[in-house]
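On the provided structure of chain A, position chain B as indicated by the hints.
Number of protein chains: 2
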Amino acid sequence: MDYNEKTIEVKKIFDGKIIKLELQTVELCNNKKAEREIIRHNGGVAILPVTQNNEIILVRQFRKPYDEELLEIPAGKLEKGEMPEICAERELKEETGCSADKISFMTVMYPSPGYTDEKIYIYKAEGLCEGSLSLDEDEFLDVEKYTLIEAVQMIKTGIIKDAKSIIAILFLVAEINS
Amino acid sequence: MDYNEKTIEVKKIFDGKIIKLELQTVELCNNKKAEREIIRHNGGVAILPVTQNNEIILVRQFRKPYDEELLEIPAGKLEKGEMPEICAERELKEETGCSADKISFMTVMYPSPGYTDEKIYIYKAEGLCEGSLSLDEDEFLDVEKYTLIEAVQMIKTGIIKDAKSIIAILFLVAEINS
Numbered sequence: 001m002d003y004n005e006k007t008i009e010v011k012k013i014f015d016g017k018i019i020k021l022e023l024q025t026v027e028l029c030n031n032k033k034a035e036r037e038i039i040r041h042n043g044g045v046a047i048l049p050v051t052q053n054n055e056i057i058l059v060r061q062f063r064k065p066y067d068e069e070l071l072e073i074p075a076g077k078l079e080k081g082e083m084p085e086i087c088a089e090r091e092l093k094e095e096t097g098c099s100a101d102k103i104s105f106m107t108v109m110y111p112s113p114g115y116t117d118e119k120i121y122i123y124k125a126e127g128l129c130e131g132s133l134s135l136d137e138d139e140f141l142d143v144e145k146y147t148l149i150e151a152v153q154m155i156k157t158g159i160i161k162d163a164k165s166i167i168a169i170l171f172l173v174a175e176i177n178s
Numbered sequence: 001m002d003y004n005e006k007t008i009e010v011k012k013i014f015d016g017k018i019i020k021l022e023l024q025t026v027e028l029c030n031n032k033k034a035e036r037e038i039i040r041h042n043g044g045v046a047i048l049p050v051t052q053n054n055e056i057i058l059v060r061q062f063r064k065p066y067d068e069e070l071l072e073i074p075a076g077k078l079e080k081g082e083m084p085e086i087c088a089e090r091e092l093k094e095e096t097g098c099s100a101d102k103i104s105f106m107t108v109m110y111p112s113p114g115y116t117d118e119k120i121y122i123y124k125a126e127g128l129c130e131g132s133l134s135l136d137e138d139e140f141l142d143v144e145k146y147t148l149i150e151a152v153q154m155i156k157t158g159i160i161k162d163a164k165s166i167i168a169i170l171f172l173v174a175e176i177n178s
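If you read the sequences in order, they're chains A and B. For what it's worth, the working numbering labels the leading residue of the first sequence as 1, then goes sequentially. For what it's worth, the working numbering labels the leading residue of the second sequence as 1, then goes sequentially.
Calculated from the structure, these hints are not laboratory results. Please read all numbers here as calculations on a predicted model, not as lab measurements. Fair warning: there could be bad hints in the mix.
Copies of the same chain look alike in the list, so a pair counts if it works inside one copy or between any two.
Taking lysine to any residue and the SDA-like style, the derived pairs with C-alpha atoms no more than 25 Å apart in a straight line are [stated by the list, open to error]:
no.: 1; residue 1: 124; residue 2: 85
no.: 2; residue 1: 124; residue 2: 55
no.: 3; residue 1: 32; residue 2: 143
no.: 4; residue 1: 6; residue 2: 140
no.: 5; residue 1: 156; residue 2: 127
no.: 6; residue 1: 156; residue 2: 177
no.: 7; residue 1: 20; residue 2: 64
no.: 8; residue 1: 6; residue 2: 67
no.: 9; residue 1: 80; residue 2: 35
Chain A with its partners taken away, still in its complex shape (with noise of 0.2 Å):
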C-alpha cells in the first residue's frame, strides 16, 4: 500500500546550531489531516577504530540530555555539502588522536525515524596510528580501548546503550562470523 504523507504546511518552530524543529501538517492516506514533529539534523558520522590487537577504542563522555557518562565509538556531525568519509577521518584524529590506513563504510542507521531526519554513517577504521588528540573547545572525553569480547559483553550487560556504537560492534561481530 502507498503511505505516503503529502506536506500541506510547515511551520519553522527552531534554528540552532545541532538541530532544527519544524511542525509539519500533512494529508495521510485517508485525506484526514494530521501534524508531525519534524527534528531536522545535519546527518552524523561514528567511526569503530580497530587495532592490530583487535581491540576496540571507545571514548567516554559526559552526555547533557541522559546526565550521563556514556561508552561511545567516536562520532561527530556532518558539516553541510561534507563527505562522511572526510568526516570519519577528522573526528577519528579529533577524538582518539589516531589516523587510519584504512576507513571502510559499515552501514547507515536511522536513530529514532519518529520524529528525527538523521542519518549515521557508520565506518570501520584500521591500520591506526596513534598521535594527540585535537578536541572542540567544549568538549571533553577519555579515551579507552577494549577487547572485542570486553566490547561485546558491555552490550549485553547494558554497560554501552548508545545505539551506533551497539550497531557498529555487533555488525564487526557478524562481519567475523560470516
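Same frame as chain A, but now just chain B:
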C-alpha cells in the same frame, strides 16, 4: 575524570505531543559556559516478535522525517508513568494483532545521545497468537514476516535502517550464538 555539566539556565522552546525542546546553558568542567539543545521524549518501547518457525514480524510504515517507507519492529511511545512491559504488549497487539505468551526484556538503547534523552526499551515476544490489528487513527502500516536469515541479510544490505530494529535482530543472533 569528572566531565559533569552543570545546568545554569533552562529555556523551554516547544512542548509538543511527541517531543519537547529546551535550550540549556551549562557550565563545563573548565568553568566555561556552553549551550545544549535538548529534546525531551517520554521514552519508547520496541518489540521483536519471533514466531514458532523462528520468523520475525516487521511493520512497514511511512516515516515523514525521511519521506520514506521503513521496515521496523513494532514500537510505540511510552505513556506517562506506563511500565515498558505493558506498553510492549499493547503496541504488539495494536500493530501486529498478536498477543504473546512470553515477553522478555532484551536491552535499553539511547538513539542519539548528543541531543535527545529518549530511551528505547527493547523486548522479545514469543508464543505468539495472531488476532486483528487495532491501529491509531493516523497510523497506517503493513505487517510482513521474514526468516531470521533474511532479516540479517536485510540489515547487511542496508534495507533495514532503523536503529532499534537492527539492535533487536543482532541481539537475537548474539543470543542464539552464545
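Here is what the structure says about each hint:
| no. | hint | verdict |
| --- | --- | --- |
| 1 | 124 <-> 85 | within (10 Å within a copy, 35 Å between copies) |
| 2 | 124 <-> 55 | within (12 Å within a copy, 30 Å between copies) |
| 3 | 32 <-> 143 | between (51 Å within a copy, 22 Å between copies) |
| 4 | 6 <-> 140 | between (43 Å within a copy, 14 Å between copies) |
| 5 | 156 <-> 127 | between (28 Å within a copy, 23 Å between copies) |
| 6 | 156 <-> 177 | both (18 Å within a copy, 13 Å between copies) |
| 7 | 20 <-> 64 | both (18 Å within a copy, 15 Å between copies) |
| 8 | 6 <-> 67 | between (38 Å within a copy, 9 Å between copies) |
| 9 | 80 <-> 35 | between (28 Å within a copy, 20 Å between copies) |
Of the numbered hints listed earlier, not one is contradicted by the structure.
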